[in-house]
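Since the structure of chain P is already known, use the hints to place chain Y on it.
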Amino acid sequence: GENVEQHPSTLSVQEGDSAVIKCTYSDSASNYFPWYKQELGKGPQLIIDIRSNVGEKKDQRIAVTLNKTAKHFSLHITETQPEDSAVYFCAASVANQAGTALIFGKGTTLSVSS
Amino acid sequence: KAGVTQTPRYLIKTRGQQVTLSCSPISGHRSVSWYQQTPGQGLQFLFEYFSETQRNKGNFPGRFSGRQFSNSRSEMNVSTLELGDSALYLCASSDRDRGNEQFFGPGTRLTVL
Numbered sequence: 001g002e003n004v005e006q007h008p009s010t011l012s013v014q015e016g017d018s019a020v021i022k023c024t025y026s027d028s029a030s031n032y033f034p035w036y037k038q039e040l041g042k043g044p045q046l047i048i049d050i051r052s053n054v055g056e057k058k059d060q061r062i063a064v065t066l067n068k069t070a071k072h073f074s075l076h077i078t079e080t081q082p083e084d085s086a087v088y089f090c091a092a093s094v095a096n097q098a099g100t101a102l103i104f105g106k107g108t109t110l111s112v113s114s
Numbered sequence: 001k002a003g004v005t006q007t008p009r010y011l012i013k014t015r016g017q018q019v020t021l022s023c024s025p026i027s028g029h030r031s032v033s034w035y036q037q038t039p040g041q042g043l044q045f046l047f048e049y050f051s052e053t054q055r056n057k058g059n060f061p062g063r064f065s066g067r068q069f070s071n072s073r074s075e076m077n078v079s080t081l082e083l084g085d086s087a088l089y090l091c092a093s094s095d096r097d098r099g100n101e102q103f104f105g106p107g108t109r110l111t112v113l
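Same order as they appear, the protein sequences are chains P and Y. Heads up, the first sequence stops at 114 in this note's numbering, and the numbers go up one at a time, no gaps. Heads up, the second sequence stops at 113 in this note's numbering, and the numbers go up one at a time, no gaps.
Isolated chain P (complex conformation):
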């Protein structure tokens, strides 16, 4: 089955710096890759996603890149702010008629200091 590895497990940056989180997946059939942000006491919040027919997607300060050949995808956050501090999860899935079972990485704890 699918396996998702996520690095680093913790990341500390200064406000205004960029942060990059990387994930690799094992199942070449995976075609949907969302990123979630989880704050303390809350459920994961979808922040951006990418499908396998696209190499890059951007939404304001957040961007995701996908390399299907190497089976890895990355989250880029620019101009980080203290409110970006949270745990970030990547996930991979084979989205088809049967459904979408997300397989998650172990998470990255991002700390942004001002």
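Hints are computed from structural coordinates only; laboratory data are not their basis. In this text the structure is predicted, and so the values were computed from the model without any measurement. Misleading hints may appear alongside valid ones.
Stated by the list, open to error - For each label pair, taking beta carbons as the anchor points, the in silico distance ranges come out as: (1) Y/D97 with P/Q81: 18 to 28 Å; (2) P/E56 with Y/N77: 41 to 51 Å; (3) Y/P39 with P/S28: 23 to 33 Å; (4) P/E15 with Y/E82: 40 to 50 Å.
Using N, Cα and C, we set each Cβ at its ideal position, and we do this for glycine too.
Coordinates of chain Y only, in the frame set by chain P:
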């Protein structure tokens, strides 16, 4: 639109008991998925329901079961609770007709003593 709601938010049970958790998806969403989150194992997929039918199942023992009602609300049940079942149980809803995005609720924190 209101988000995904889960009840109860917190639950304390003892070993051997059973528990039922409830999830109400976003209005119009007919797919509901359940996940278990623990510090050691992270987020793990339990099962997915669509139109009252289980469409996908993760690698969990048969003690974990679920169902979905005609109004898309879903319940999951865990029987014969074990200490290791202590976790945050998350429900996510999606609108299959509009893509694969899953939107999570706040979760139910289950503690097994």
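Evaluated hints:
{"no.": "1", "hint": "Y/D97 with P/Q81: 18 to 28 Å", "in the structure": "violated, 35 Å"}
{"no.": "2", "hint": "P/E56 with Y/N77: 41 to 51 Å", "in the structure": "holds, 42 Å"}
{"no.": "3", "hint": "Y/P39 with P/S28: 23 to 33 Å", "in the structure": "holds, 30 Å"}
{"no.": "4", "hint": "P/E15 with Y/E82: 40 to 50 Å", "in the structure": "holds, 44 Å"}
Of the numbered hints listed earlier, the single one contradicted by the structure is hint 1.
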